[in-house]
Structure formats: structure tokens, C-alpha cells
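Peer 1: Spelled out, the chains give:
Protein chains: 2
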Amino acid sequence: MPLTIHGLAQSTCTQRVLTTLKELNVSDYKLRIVDWGAAEHKSPAFLKMQPFGKIPVLEDSDLPGVYIFESRAIIRYIVRKYSPTSSLLGSTPAAQALVETWISVESANFNPSAEGLAVQLVFGKFRGVEPDQAAVENHLKQLGATLDVYDKHLADKKFLVGEDFTLADIVHYPYLNLAVTSCGHPEVVNDRPNVKAWWERMSSRPAWKQVLAEGSF
Amino acid sequence: MPLTIHGLAQSTCTQRVLTTLKELNVSDYKLRIVDWGAAEHKSPAFLKMQPFGKIPVLEDSDLPGVYIFESRAIIRYIVRKYSPTSSLLGSTPAAQALVETWISVESANFNPSAEGLAVQLVFGKFRGVEPDQAAVENHLKQLGATLDVYDKHLADKKFLVGEDFTLADIVHYPYLNLAVTSCGHPEVVNDRPNVKAWWERMSSRPAWKQVLAEGSF
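Just so you know, the sequences run in chain order A and B.
Residue numbers for the first sequence follow full-length UniProt numbering, so the first one is 1 and each next one is one higher.
Residue numbers for the second sequence follow full-length UniProt numbering, so the first one is 1 and each next one is one higher.
Rather than coming from a laboratory, the hints here were simulated on the basis of the structure.
Honestly, I wouldn't trust all of these hints.
Same chains, same label: a pair holds when it works inside one copy or across any pair of copies.
Said to hold, decoys possible - Under the rule of at most 30 Å between Cα atoms (straight-line distance), these lysine-lysine pairs were calculated in the DSS-like manner: (1) Lys125 x Lys81; (2) Lys125 x Lys158; (3) Lys54 x Lys22; (4) Lys125 x Lys157; (5) Lys158 x Lys42.
Values in this document were obtained by computation on a predicted structure and should not be read as measured data.
Input sequences plus hints: build the corresponding full structure.
Peer 2: As C-alpha cells, this is what we get:
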């Protein structure tokens, strides 16, 4: 098992990594479950791997002593190692550039409101915190405005960068899934026909279905 | 001039791109100034290039009809095009992975508080908005906590990924510069000896000095 993923099957960021492994049919990895309840991710041993105390972390026995963290970095590493010419990274220089553009759009435009919504409506429950309705409304408004742009962009495309499914799509899985399921706001997708068609294409892929079957909120 | 950067010399995100071009001694580009005062970035013509209405956007005459946006995507594209084996991307697979890790750390951990501070103390002025002191304090606290981790991490390194200066360092330039200059909070760097030494190494590089000389707040 050259790869060890320190994470949790339910964790949104871990799910990005697991989806990428399954899309590439890489099976020589193990998921080492981090003991979240015992705050293992804030322990001195864990902080030596990931000094910000977040999951997941990737260890590769081919690179002893190296700890790769941040899910969007780990997934690029996995594709470059196991399938460097994969269309997941973009199959032309233009596609490669646009994969990076839309990974960055996900971080900068999509994630703040989509993660914010999940913090309010899903993660808060675990800490016994009631949702702040004003924050929920604000996140829904921001997320809707972002997905309005996606809807226009996707009018003539199967996936964010065109015909090929790429890492730019993969990074959107966990929080788009939570928005339409556990957060109880499927309308953010269903009200936008091209986003809806994109999400149907994405969510029917076997890799993602398997990731959800292994752990979800 | 194969490359056209639609942006502004003073813009933080444009500065990441200009620094990368100058680090690689690429001079066959032009900066086309976006008319911010006239809200050109929200005009239909601009939104066709960048549907979120943000700068910068890169056009490459070698890729007609392709608009590459998001500064962290543009800088990867420029290095891959002009110097694909440059150590700016990491000179080994491990270094490449860690460049991605620290670019992602910049987006996820550093940028929210560093940009938030600049919004309060620098950008707000242009809209006649007074700083919200509670927000300033909160951003300073968050930024300090993040840079505490950087300070430990940098104890045995010249740059974020080790001996080599990389894109992971470049992405930090604009907002670290604003924190210590226009925001009036040099202590966020000076109170942390390894961050201070890193910033001195970074800010003395000719490429960055030239970018600042061409436009800054």
C-alpha cells in the first residue's frame, strides 16, 4: 500500500481524494481513519504532518518523510503519479489552463458560500449550534449568484472545461452534494437547467457513487 | 505580443501574474489596462472573457478564443508555457506536490484574513467606507494565527517549499505586502523571525521590486 490517506470517509475534502483514486482505478491505498472525536487532528503527532490540523493528509511510501496536504493539491499529485496524461488534468495546454481556472473558481467563488451553507445546516448540528438564518440566506444568495454564472457557462458544455470530465468537476462534488441533500436545498441545482444536467452527469458516475456509499453525512 | 493581460498594475491578482512573467524574464506580453472607474470589468464584452467580472484575464494569441482567468491558474500556465522545467513549479515530484499544497494553503488559510484586512484598511477607502474595527481585529487575529504556523514551518527553510523560490511564494506577495505597508501592520511579519527573514528574501527580489515600481496602492 504505497499511499496512506489520513482522513475520514465522510469528510468533504477526503471525498475529493477518494473520488480521484476511484476515477483512476487506483486501489493500492489505505484510508487511515483519523479519530476526530478525540481531536487527533489537533494532536502534536498529527500537527507534524499537517501543521494547520486539517484532514486529509497523503503519505506516499515512495516519498518518505513528505506529507502532502490540501485536497486540491493531493488530487493533482495522484493524477500526475498514476496517470500523468489523463484528461482529468486537461488533454491540451488550453484545457490544462482551464482546469486550473475552474479549480480556482471553485475555491474562490463556489466554496465560501457552499461550505458556509454546510457549516450552518449540517456541521453545526455536531456542535449543537442552531443555524443562523441570516447567514443561511446570505450563503444561498451568494451560491445562487455563482451558479447562475455556471449555468450560462455550462450551456454548451458537458463538463466545466468542455467534453472531458476533469479535476475541476471533481472539486465541486462534496459541497454540491451536501447542498442538494443534507442542507435541504436541491433548488440551487434544480432551478438551473444546465447546472442540473451537469450535476446529473457528475452524480451518476460510479466513482462518486462508491465514495458516497462508503461514507456520507 | 502573444500574451495580453487584461488587468491593472496596482491590482493584487494582476501583480501575481506580472511577478511570474518578470521572474521568468518573459517580456513579450502587454498589460491592457481595464477601465475600473467605468466598471469595464462588469461590461458585457468583459464578462464574455471572465463571467465573474474579475481581473486579470490572460489571452494568448497561440490559443485563439481561450480566456484564462484566476491569477493562480494564469501563473501556472505561464510557467508551463515558457519554462516547463522551472523550479517555480517544483523541481522534483515531491516539490511539485508541496508547491500545490502551499498554493492551496495560501488560498484557504492565508488569503481570507489577509485580503479581508486589505478590504477593511485599503480598498474600503476607495468606496468611502470606514474600517469596521471588529473585523480588522478578527482578521489580524486570524492572520497572526496562520503566520504562527508559517513561522514554525519556515524555521529550517529559505522558502515555503525549501531551498527554491516557487509559485507558492509568489502567490503570497500582494497581500503580505499590503499587510506590512498600506494596512499599517508590519508587526504581522516583524514579530515572527522566520516569516520576517522569508519576507526579506522575497521582497528584495528584482522582479517583485519592479512590479511594485510599476503600480502599487
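Peer 1: Does each hint fit the structure? Answer for all of them.
Peer 2: Status of the hints after comparison with the structure:
1. Within a single copy, Lys125 and Lys81 get their C-alpha atoms no closer than 38 Å, and across copies no closer than 47 Å, so neither meets the 30 Å cut-off.
2. For a Cα distance limit of 30 Å, the shortest separation of Lys125 from Lys158 qualifies neither inside one copy, at 35 Å, nor across copies, at 43 Å.
3. With identical chains, the CA atoms of Lys54 and Lys22 are at most 30 Å apart within one copy only, with a shortest distance of 22 Å there and 35 Å across copies.
4. In this assembly of identical chains, the alpha carbons of Lys125 and Lys157 never lie at most 30 Å apart, being 37 Å within a copy and 41 Å across copies at closest.
5. For a Cα distance limit of 30 Å, the shortest separation of Lys158 from Lys42 across copies, 26 Å, qualifies, whereas the shortest one inside one copy, 41 Å, does not.
In the structure shown, a violation is registered for the earlier hints numbered 1, 2, 4, in ascending order.
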